[in-house]
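Colleague: Okay, here's what each chain looks like letter by letter:
There are 2 protein chains.
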Amino acid sequence: MNFSNDLDPTKKVVAVVGAGFGGLKFCKAFRSPLAETVLFDRQNHHLFQPLLYQVATAGLSAPEIAQPVRTIFAGQLRLSIYMDEVEAIDLSGQNLVVDGQACHFDYLVLAVGAVTSYFGHPEWEQHAPGLKSLADAGRIRNDVLQAIEHAEAEIDPVALRRLLTFVIVGGGPTGVEMAGAIADLTKHTMRRDFRRIDPAQARIVLIEAGPRLLAAFHPTLSERARRDLTQMGVEVRLNTMVRGVRAGEVQLDGEILPTDNIVWAAGLQAPPLLAKLPVPKDRAGRLQVAPDCSLPGYANVFAIGDCVALKDAKGLQVPGVAQGAIQMGGHVAKIITAELDAAARKAPVPARKPFAYFDKGSMATIGRARAVAQVGPLRFGGFIAWLMWLGLHLVFLVGLRNRLAVLLQWFYAYVVYRRGARIIWSQKVDALPAAAVPPR
Amino acid sequence: MNFSNDLDPTKKVVAVVGAGFGGLKFCKAFRSPLAETVLFDRQNHHLFQPLLYQVATAGLSAPEIAQPVRTIFAGQLRLSIYMDEVEAIDLSGQNLVVDGQACHFDYLVLAVGAVTSYFGHPEWEQHAPGLKSLADAGRIRNDVLQAIEHAEAEIDPVALRRLLTFVIVGGGPTGVEMAGAIADLTKHTMRRDFRRIDPAQARIVLIEAGPRLLAAFHPTLSERARRDLTQMGVEVRLNTMVRGVRAGEVQLDGEILPTDNIVWAAGLQAPPLLAKLPVPKDRAGRLQVAPDCSLPGYANVFAIGDCVALKDAKGLQVPGVAQGAIQMGGHVAKIITAELDAAARKAPVPARKPFAYFDKGSMATIGRARAVAQVGPLRFGGFIAWLMWLGLHLVFLVGLRNRLAVLLQWFYAYVVYRRGARIIWSQKVDALPAAAVPPR
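Those sequence lines, one after another, are chains A and B. Those letters in the first sequence? Residues 0 to 439, by numbering that gives the first Met the number 0. Those letters in the second sequence? Residues 0 to 439, by numbering that gives the first Met the number 0.
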């Protein structure tokens, strides 16, 4: 089909690629009656990525951190949503190619996020999954739980040790959260569940190439995180490079770590879709956009969020976090709204403001009742920071209708016809035999 | 490993295969201090199967109807649990073969349930999944939701119709519940979610070979179910045989139903594990056990639940429902307890009582606020029956700690170190490339 065919031809077409934090914010903020918006995403859901590690460690189930995109925008006029993969972008011709068909755009917003980077070693992925999607989280959860089940029936002490060793590569927020959650899971949740093995004997190793954890935080909080994790039984290895990953082992400088459980939280890069775009990129493939978030040479095309490398109006690199994507989404929505409005009134095109990032603060959870947080000059650790983290995330999830709704989800489903779990969640559907994928 | 090696050699070994309703009840009821119990299941969870159709239609998420077996029995002494598939049963040698290793038993309880039967056409399975496991439910849910997403981007009217046609084969409780839930999903839940298509236009066809739905219920309730489903927009086809299933169509006598969505709820049979046992079986491969649930010729081996064909003490066929399995599990636990006790006291072996089934009643839900129920001579339909159904299932789930726990699941996980979602749920892991399965 031609995706633009059904749209009102008197209106401009704004295409949005990606329903993450940036794309979602853009679509919520952009309500111009002068345009039709077309949103594409490969998934049918928006994912609350900051809690993905909870799904990977069996703390939450998938529907609790995901929301169907259609539900979020139910009733929003002039917004068409397609669960489809954008295959190519023709910037000059102003067309997207989706499922072999064209979608013309007047404006384009690229909010495609990031994918896991193995720094030139894609073959490591099969042994060391990243954590970017529900499928990733489901895979890690199954692997972790199955390893412990297999350990219960394993008599070879070497194989047993390998099954009960968990290596997390990367000491950023995701790595810290995964290490802490696996420690909680094995050393507390599962404590009484097994007869032959003691899951509390699990070895958990967190590997960071740099000199400290949570490099984006103040050094005192990095040290606090290291100390807390160590107390929880996690081996923290700083200044340690991973040289290789194979079935059953992680190779370090002069050392082999035998393990059947590796989680890769070490790096991100821009998705392959952006590789062919004729615009400057940084080493991770992220688009180096103009100060207004537009692509150099293509004023009608914007990129926002994790797929972007941008020093903002204050000269600071905008961090690859939800707040950055959300604020960029709002910024671009304002620009396009104003320009459409000016064009309709035949007024001069208003000047575009450069994007300015407002840092609301950062937090990372470490484990049960432990977190670190910084807000401007203030820094918090331990239980206080964890309460802040809990409160903030509960508020965010309530915003997604996923927290309070869970309370009465089942009864509620019958009363108002909502179903909280309407999430397409499959593990590696692409790896299934063709027969299992419904024909188009 | 030899699974019996770690056990107390002064005690008898009772092996249990299957952690469904029957196996679970047996292990709960069997607490003899004179024996070690070893429980095997391929999954790490007990599944509340009566609500599986809710997972398949996105009403509930997997962890809400499943409970880790280890959690259920946490702290129960003399019970070993292995997540492993039993490969063979040597009745005379009193050994199970599990993962290539032996497990000797003094008593054996087979509670292996049933699998979907395609009546000699296993090739239909790829186009018409059954509904027996969380993986099945996940597959059906993904297929149903993806079909509707694809419909939104489909312009060919014939292909569009096929995407929005749902055929359920089999008019028993599962078929009736699936048809009603898909009607609720498409005609209510998703009503406002799409722009180009109207999910309420979905065609839902329920096919039953016999003359009425819910053959195990009183005919007035069968008729009530038919009428309710018809009002909800489901086409009910009675006396209709399915002659073939292929990609994109169901073949009936002299008619082709074009559809991309087929659910098979037409038949069950005993699992392949039982095929080689030298005991009489019925046409569906179910074991024809003695009145005490033991296998003819093997007094120390019992079979219970859906894998059994038994006319009970009153001469009535025990139905393949949870109640039947649960009552058999309790019955066998009493027999083995008494015999071990007598042996320890060197008393004569007590006579075994024949199993007597107590019918507590039956119910099936049809849709939002509609159900049918019968308790002895009493029959209920509509809202009253649905309230009964709701209440009973809520009570059951509370029994599993899965309903109330959901309310404060997240906070609770931190307070008492429990995680409600600790369920291994994978879609067709066997179809994944070998690398994705952790090495043993």
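Treat the hints with care, as some may be off.
[As the list claims (entries may be wrong)] Quick look at which bits of chain B chain A covers, simulated, 3 or more residues with Cβ under 8 Å:
{"id": "1", "segment": "59 to 69"}
{"id": "2", "segment": "146 to 154"}
{"id": "3", "segment": "187 to 195"}
[To be verified] Going by beta-carbon spacing under 7 Å, a handful of chain A positions derived as facing chain B:
{"id": "4", "residue": "S60"}
{"id": "5", "residue": "E148"}
{"id": "6", "residue": "P318"}
[Stated by the list, open to error] Per label pair, the in silico range of CB-to-CB distance:
{"id": "7", "chain 1": "A", "residue 1": "Q322", "chain 2": "B", "residue 2": "R242", "range": "52 to 62 Å"}
{"id": "8", "chain 1": "A", "residue 1": "M240", "chain 2": "B", "residue 2": "K275", "range": "29 to 39 Å"}
{"id": "9", "chain 1": "B", "residue 1": "A343", "chain 2": "A", "residue 2": "D197", "range": "28 to 38 Å"}
Bear in mind the hints are in silico, worked out from the structure with no lab data behind them. Backbone N, C-alpha and C define an ideal beta-carbon position, used for all residues, glycine too.
Colleague: Each hint: holds or not?
Modeller: Taking the hints in turn, this is what the structure says about them:
1. 59 to 69: holds (count 7)
2. 146 to 154: holds (count 7)
3. 187 to 195: Coverage by chain A holds for the segment 187 to 195 of chain B (9 residues, Cβ < 8 Å).
4. S60: With a minimum Cβ separation of about 4 Å from chain B (threshold 7 Å), the hint on S60 of chain A holds.
5. E148: holds (4 Å)
6. P318: violated (26 Å)
7. A:Q322 - B:R242: 52 to 62 Å: holds (59 Å)
8. A:M240 - B:K275: 29 to 39 Å: violated (54 Å)
9. B:A343 - A:D197: 28 to 38 Å: holds (32 Å)
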